[in-house]
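Peer 1: To convert a position in the sequence shown, counted from 1, into our numbering, add 186.
Derived from the structure by calculation, the hints contain no laboratory data. One thing to keep in mind: the hints can contain errors.
With a straight-line cut-off of 25 Å between C-alpha atoms, the simulated PhoX-like cross-links for lysine-lysine are [as the list claims (entries may be wrong)]:
no.: 1; residue 1: LYS506; residue 2: LYS462
no.: 2; residue 1: LYS518; residue 2: LYS392
no.: 3; residue 1: LYS518; residue 2: LYS506
no.: 4; residue 1: LYS518; residue 2: LYS396
no.: 5; residue 1: LYS462; residue 2: LYS518
no.: 6; residue 1: LYS490; residue 2: LYS518
no.: 7; residue 1: LYS548; residue 2: LYS506
no.: 8; residue 1: LYS395; residue 2: LYS506
no.: 9; residue 1: LYS490; residue 2: LYS506
no.: 10; residue 1: LYS462; residue 2: LYS490
All of these numbers come straight from a predicted model, not from anything done at the bench.
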Amino acid sequence: MVDLLRQEIATIADVVVVKVGTRVLTGEDGLLNHRRIASFAEQIHLQMAQGRKVVVVSSGAVGAGMAHLRLKQRPQDLAHLQAVAAVGQPLLVAAYDKAFLSHGRSAAQVLLTAEDLDDRVRYLNVRNTLLTLMEYGVVPIINENDTVAVDELVGTFGDNDRLAALVTQLLRAPLLILLSDVDGLYDGDPEQSDSQVITTVTEIDKSIKKLAFPQVSILSRGGMDSKLEAARIVTAAGESVVLASGLNAENINEILSGEPVGTLFVPSGQSVSLRKRWIGYTVQPRGWLVLDEGAERAVAQQGKSLLPIGIVQITGSFSKGDVVGLQSLSGKEIGRGLSNYDSGHAERIRGLQSNQIQEILKHSPYVEVVHRDNLVVTAHNT
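Could you build all of it, start to finish, from the sequences and the hints given here?
Peer 2: So this is what it looks like as structure tokens:
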């Protein structure tokens, strides 16, 4: 049965990002499931033959390395994690390359760190590289560079879910497909027989976040929390997300045919420019500005710039032009933007009228601390 909304989304999805989780790629023995990888390659080849461009964000390096080294438990310290990832990454890419070569296509390994997307120049270079690979008909296989990326392995970055969301934004891809070992987002505990998959989510609010029941695995890091955060990032910028099982052999084709597979997260915002995607969702803020209620209202509801008079507290050390986060008195994130002042100057003019800046700093290059043209309202809880 074809869903009209899903069919419309599938029709406009000329660029698709497919994220594959570790638990999808490996069997119960922890070894890479080459048959499943071959199935993904066959479906992606078919979609590319129809004119789509497809990028794969793939976990599995640590899992593949663990299996190769016959490790029963995931290492906990950074050095061992990075060593295991270094063993597993070439095995993972070789499996993809072999699968795509059977269809006359090549795969390209692209290893990224958060810093690669944090820097504006490197961010654009990554985009240009991916676009060029797709022009050649090559399938980029993207993974977090586990051998050097600290946050990915021991932090809360997620099982490549956030990376997949950022790549989707980077490419302005209309659709992100998250393939996991669950059929979608359930309306209750997935272990309970009466729980059902939610077919469509229009807003990722507190009621939806409560449905992120914990999943435990020795191989992977990401759970439903990270998938919901990825969906929030993508839908806020005007794109769609489908969360579905990667264990079903034909789910990629079915999703791109408009079939009601998994859970569809529909866009919650208007499409925004590549520059504002980078400001609002990719770069980690160098500091935070706490706003009073009037400034919060002006920024979040009226689309105005942030003036110094509305700032009640500043944390962090940042330079002029850095991305800063805007926060309410209650701790809710309001938005992110480029600061016109470094943290030292911002602290000196905090709480003042704009016409007092000249008197305090002996110069007044800007009346706003963050101009609305350089500001993205994100409005989610930190």
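Peer 1: Indicate, hint by hint, whether the structure satisfies it.
Peer 2: Hints and how they fare:
For the given pair, LYS506 sits about 17 Å from LYS462 by alpha-carbon distance, which is consistent with the 25 Å threshold. Taken as a hint, the LYS518 and LYS392 pair is honoured in the structure, with Cα atoms around 13 Å apart against an allowance of 25 Å. Proposed proximity of LYS518 and LYS506 is supported: the alpha carbons are some 24 Å apart, at most 25 Å. With a C-alpha separation of about 18 Å, the suggested pair LYS518 and LYS396 falls inside the 25 Å cut-off, and the hint holds.
In summary, the hint linking LYS462 to LYS518 is supported, as the alpha carbons are separated by about 20 Å, within the 25 Å threshold. Pair hint LYS490 plus LYS518 holds up; C-alpha atoms about 18 Å apart against a cutoff of 25 Å. A threshold of 25 Å between alpha carbons decides the hint, and for LYS548 with LYS506 the separation of about 17 Å falls inside it, so the pair holds. Pair hint LYS395 plus LYS506 does not hold up; C-alpha atoms about 35 Å apart against a cutoff of 25 Å.
A threshold of 25 Å between alpha carbons decides the hint, and for LYS490 with LYS506 the separation of about 20 Å falls inside it, so the pair holds. For the suggested pair LYS462 and LYS490, the alpha carbons sit about 16 Å apart, so the restraint of at most 25 Å is met.
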